[in-house]
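S.K.: Full structure from sequences and hints, please.
Residue numbers (my numbering), protein chains in the order written: chain A, 154 to 629; chain B, 310 to 482.
Keep in mind that the hints were calculated from the coordinates and are not lab data. In this text, a Cβ means the ideal position worked out from N, Cα and C, and glycines have one as well. Please note that a few of the clues may not be correct.
[Said to hold, decoys possible] Here are the simulated EDC-like cross-link-like pairs (lysine to aspartate or glutamate), alpha carbons at most 16 Å apart as the crow flies:
1. A:K394 x A:D440
2. B:K470 x A:E319
3. B:K468 x A:E547
4. B:K358 x B:E424
5. A:K619 x A:D500
6. A:K258 x B:D339
7. B:K470 x B:E456
8. B:K333 x A:E469
9. A:K526 x A:E493
10. A:K323 x A:D440
11. A:K526 x A:D440
12. A:K523 x A:E547
13. B:K470 x A:E259
14. A:K303 x A:E319
[Stated by the list, open to error] Here are some chain B residues the structure puts well away from chain A; computed CB gaps all over 12 Å:
15. G362
16. E426
17. K459
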Amino acid sequence: MEPVWEAGYGGPDLHRRNFGTPCLVRGDITRKNFIFALIPQLKRVGFPAHNVKIWWYSMGMTIAEKILARASGKSKVEPGEYIIGKVDLAMVHDLTGPLTLNVLKEVGYDRPWDPEKIVIILDHQVPANSTVTASLHKQLREYAGKYGTKFHDVGRQGVCHQILAESYVKPGMLVVGADSHTCTLGALGAFATGIGSTEMASVFLTGELWFRVPETIRFELKGTLKPGVSAKDIILYIIGKMGVDGALYCATEFTGEGVERLSVDGRLTLCNMAIEMGGKTGIVNPDVKTLQFTNTKNESQVLRSDKDAEYHKTMEVAVEDLIPQVALPHSVDNVKPVSEVEGVEADQVFIGSCTNGRLEDLEAAAKILKGRKVKAGTRLIVIPASPSIYMEAERRGYIRTFIEAGGVVCNPNCGPCLGGHMGILADGEVCVSTSNRNFIGRMGSPKSKVYLVSPETAAATAVEGKLTDPLRYVRG
Amino acid sequence: MSVIRGRAWLFGDNVDTDVILPGKYLVLTDPNELAKHALEGLVQDFYKKISKGDIIVAGKNFGCGSSREHAPIALKYAGVGAVVAESFSRIFFRNSINIGLPAVISKDARRTIKENEQISIHLEEGYILRESGEKIPVEGYPEFLLEILKDGGLLQNLKRKFAGMGGVSRTQP
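M.R.: Below, the structure is given as structure tokens:
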């Protein structure tokens, strides 16, 4: 038997990689343990072995490793190591939160470790669309009221990851959310990852959680994007190459000119879909744009990857050559250039979600839709991700543009992305969507189909009523 | 930990959380109601066809997609005794163990085990026993995960730690 737990976990095979031969020790074997275990032998041959430790602690770390090291009170951690990390921010929403509260109820103790660090956001089905949903909302509202946790009720509601980005997350934080797309927030230089509802109950009570320090895969983005091509196209392209489990359990770090040139909105889109290739988090090293966006004046908490940090893999992506991409049903890695599959008729176009419901996305769509009409027979649904985005889009005239074109603009929430609310699909219907998943039945009927695209492609598709390459709208 | 015995149900790679439990049922919190929709995206009336203790044997990346704990809960209450897969998505793996449904990693199980075959999982010994008497190795858990599974899930684990701390407050039903 060969209990190489890490390898079996689906992640990179750390032991084989480092030692060349399969290692027969499970889980807790790390490079550090291995090297430190050699110290007595080194001493025996007269090697000044204390230098080994000095050398070890001076080795570079990635930003993900640094944040986990700090959260666990260590000066250094390495991939494969298990740590207990102190959580800086914990988030639940209206679908996962009630399960957490039910667990607390069963435990018989529900006082949170720090109400200031708990954020409860209504975003999946809000305002309530049924008595069942209404009672879930009520349950969360009462818990928040009782302990004074942060709470985003109707009126302050919005897509949870966007609300966290706008108001709570700072570079260097350890963030957990009971939602898989929590990895979005790594775009702000935080370590952010999705967890389940039961373990969230444990976080509520203790403020701590176990983590396995992930290997980091680096995506070096070369060059800058052409007009009409956006962050969504980059991440769809990458997932197409990596496969839906290509980064299983890894942190995915985005570096290079292609990322530096992106706005914070675009970086959030990139990191948002890290989970779609199995990533534990997406992460971007903080720069001036990050500090400005998060209103960070004091840089002491900000962490960045060292130049000599060790990566599991580095992939280069030439973004200047990129053209608009689409993920075809029913898998996010089923990616092709839009130009190759144009013409699929769309019953519905959705622009919104934690992937593409931000101001820059609405701007890109509005530019194409301005003065044009949505094709008869196609429904356009636009959902800004947060109240502040909604207001700014209104001020800039985008909302008017969408409505004049024949679209509907809904209040900030997750919308039809997961088939719960506002735009559920019937049998045989097709939605061209800026969201992040196209699994069978994701948006409603198991017989419907979802195509994932950028806001530019979605807008062009709405105009033509069929999947359309947006480049000619941008040029023309 | 006791041995898990059941018939094998074979599935492929990348079985995602939207086919395990479609998003429209996420408003349900009663585990027995959730169970009625388990794997609805792939097998109609799975909960009626399965016998208690049956074992799912799947390929790579089982449970990819959402963080919804409803997915492993639906499987558990439908009667699934364990899920064996070549690899799991990270959050599903955590959730599954946290709710007390063993998620077992085995490189070879999917390739060798036949549909409907009677198998038994010996977790602590680290193997699956086939009808033929063949043993297929499974991968071990770190100590603290094994402990959670032995407790029957994280909830029992937490109960032990927080029982009798007082300050119990009524939460809404």
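S.K.: Now tell me, hint by hint, if it's right for this structure.
M.R.: Outcome of the hint check:
1. For the hint pairing A:K394 with A:D440, the CA-to-CA distance comes to about 28 Å; that exceeds 16 Å, so the pair is violated.
2. Between B:K470 and A:E319 the alpha-carbon distance is near 36 Å, which puts this suggested pair outside the 16 Å criterion.
3. Our distance criterion of 16 Å between C-alpha atoms is broken by B:K468 and A:E547, whose separation comes to about 50 Å.
4. Distance hint between B:K358 and B:E424 is fulfilled; the C-alpha atoms sit about 14 Å from each other, no more than 16 Å.
5. Between the alpha carbons of A:K619 and A:D500 the distance comes to roughly 9 Å, so the proposed pair stays at or under 16 Å and holds.
6. A distance of roughly 14 Å separates the Cα atoms of A:K258 and B:D339; the hinted pair therefore holds under the 16 Å criterion.
7. Between B:K470 and B:E456 the CA atoms are separated by roughly 13 Å; this keeps the pair inside 16 Å, and the hint holds.
8. With a C-alpha separation of about 39 Å, the suggested pair B:K333 and A:E469 falls outside the 16 Å cut-off, and the hint is violated.
9. In summary, the hint linking A:K526 to A:E493 is not supported, as the alpha carbons are separated by about 25 Å, beyond the 16 Å threshold.
10. With a C-alpha separation of about 12 Å, the suggested pairing of A:K323 with A:D440 holds against the 16 Å cut-off.
11. In summary, the hint linking A:K526 to A:D440 is not supported, as the alpha carbons are separated by about 40 Å, beyond the 16 Å threshold.
12. Taking the CA atoms of A:K523 and A:E547, the gap is about 14 Å. The hint holds against a cut of 16 Å.
13. For the proposed pair B:K470 and A:E259, the alpha carbon gap of about 13 Å is at most 16 Å, so the pair holds.
14. Pair hint A:K303 plus A:E319 holds up; C-alpha atoms about 14 Å apart against a cutoff of 16 Å.
15. The non-interface label for B:G362 is consistent with chain A: the shortest C-beta to C-beta separation is roughly 22 Å, beyond 12 Å.
16. The claim that B:E426 is not at the interface with chain A holds, since no C-beta of that chain comes within 12 Å of its own (minimum 21 Å).
17. Taking the minimum C-beta to C-beta distance to chain A, about 16 Å, the non-interface status of B:K459 holds against the 12 Å cut.
In summary, the numbered hints that this structure violates are 1, 2, 3, 8, 9, 11.
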